[in-house]
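K.L.:
Residues per chain, in single letters:
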Amino acid sequence: MNDRGRYRQLTYFQLMEVTLRELLVEKGLLTERQIADAVEDMRRRTPERGARVVAHAWTHPEYKERLIENGTRACEELGLDVPALKLVVVENTPQVHNVIVCTLCSCYPRMLLGIPPDWYKSRNYRSRMVREPRAVLAEFGLKVPRQTRIRVHDSTADMRYLVLPMRPAGTRGWSEERLAALVTRDSMIGVAVAKKPRRK
Amino acid sequence: MAEPRFRPGDAVRVMKAYPLGHVRTPYYIRGHTGVIERICGSFPNPEELAQMRDGLPAQPLYRVRFMQKEVWPGYRGNPADVVEIEIYQHWLEKA
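From first to last, the protein sequence lines are chains A and B.
So for the first sequence, the numbering used here puts the first residue at 2; every next one is plus one.
So for the second sequence, the numbering used here puts the first residue at 339; every next one is plus one.
Hints in this document: simulated from the structure, not taken from any laboratory.
Since this is a predicted model, take the numbers as computed values, not measurements.
Misleading hints may appear alongside valid ones.
Calculated cross-link-like contacts (lysine-lysine; reagent style DSS-like; alpha-carbon spacing at most 27 Å) [claimed, not checked]:
(1) B:Lys407 with B:Lys432
(2) B:Lys432 with A:Lys122
(3) B:Lys432 with B:Lys354
(4) A:Lys65 with A:Lys87
(5) A:Lys122 with A:Lys144
(6) B:Lys432 with A:Lys144
Quick look at which bits of chain B chain A covers, simulated, 3 or more residues with Cβ under 8 Å [to be verified]:
(7) 340 to 348
(8) 371 to 385
(9) 390 to 400
(10) 414 to 420
We put the CB at the ideal spot given by N, CA and C, even for glycine.
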């Protein structure tokens, strides 16, 4: 048999995943259905969830205060279930820019942003974001003015972090739905700002 | 649950220790001095959890704020730039 080139061999970790999954099913600890449902749940979590929270905070100043006071409880108010997640929301202002990194591994607010991008887990991002945040942000196309202070949050333990980006100018009177479309995943990690409204 | 020994605003030093195991205190911050930003609550000690023990008594967890210019020699940027890190109480001592 010569299938080389047509089929890619499983990597070490893929093989380990398949083996473990099959064993768990075989031993009756999990069913295929439960695994498929868990994967589906994971897929359903996308940055749109976080964007909803941000847009609601932009339009409701009292909600914004509650969100910063206790992120987990404020998410529950919007019907967003955030189990096992102690959420710390940090607000960007003209004076302070916040950015999130996990230097030890890849802790990420998955319940609100879904699966982290590959670069978030890269050694490059993890080691340099704490050491030279301004240089790394510039590589993302974000030039932070020198007079703006940078707060890097190293997500090392039980908290998870979400950046509340600044509401873009020219969006007065916008609905939450329209505003949410301006809130990108990257703006909630802090490597970008929210999108500007398109000129008509 | 271990009692919290520090309050927001307290100056603390991160212990300069290098134990083996599942340690959640980054290398780069060991030995540095910062200020308690907030108390996050108490959580089972991850170093114990990783050894299949219960991690009790739960350890108070703090967010500690460090000045970037004091952490990194030759740091470039605003002198008021900070890095904030979650650190368990047993890694902190009064500064």
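K.L.:
Please go over all the hints and tell whether each is borne out by the structure.
P.N.:
Structure-based check of each hint:
1. B:Lys407 with B:Lys432: holds, 21 Å
2. B:Lys432 with A:Lys122: violated, 33 Å
3. B:Lys432 with B:Lys354: Judged against 27 Å, a Cα distance of about 13 Å means the pair holds.
4. A:Lys65 with A:Lys87: Holds, because 17 Å separates the two Cα atoms, which is no more than 27 Å.
5. A:Lys122 with A:Lys144: With a Cα-Cα distance of about 22 Å, the restraint between A:Lys122 and A:Lys144 holds, given a limit of 27 Å.
6. B:Lys432 with A:Lys144: violated, 37 Å
7. 340 to 348: n = 0 at 8 Å, threshold three: violated.
8. 371 to 385: With 4 residues closer than 8 Å to chain A, the region 371 to 385 of chain B meets the three-residue bar; holds.
9. 390 to 400: violated (count 1)
10. 414 to 420: Contact hint for the region 414 to 420 of chain B vs chain A: holds, 6 residues under 8 Å.
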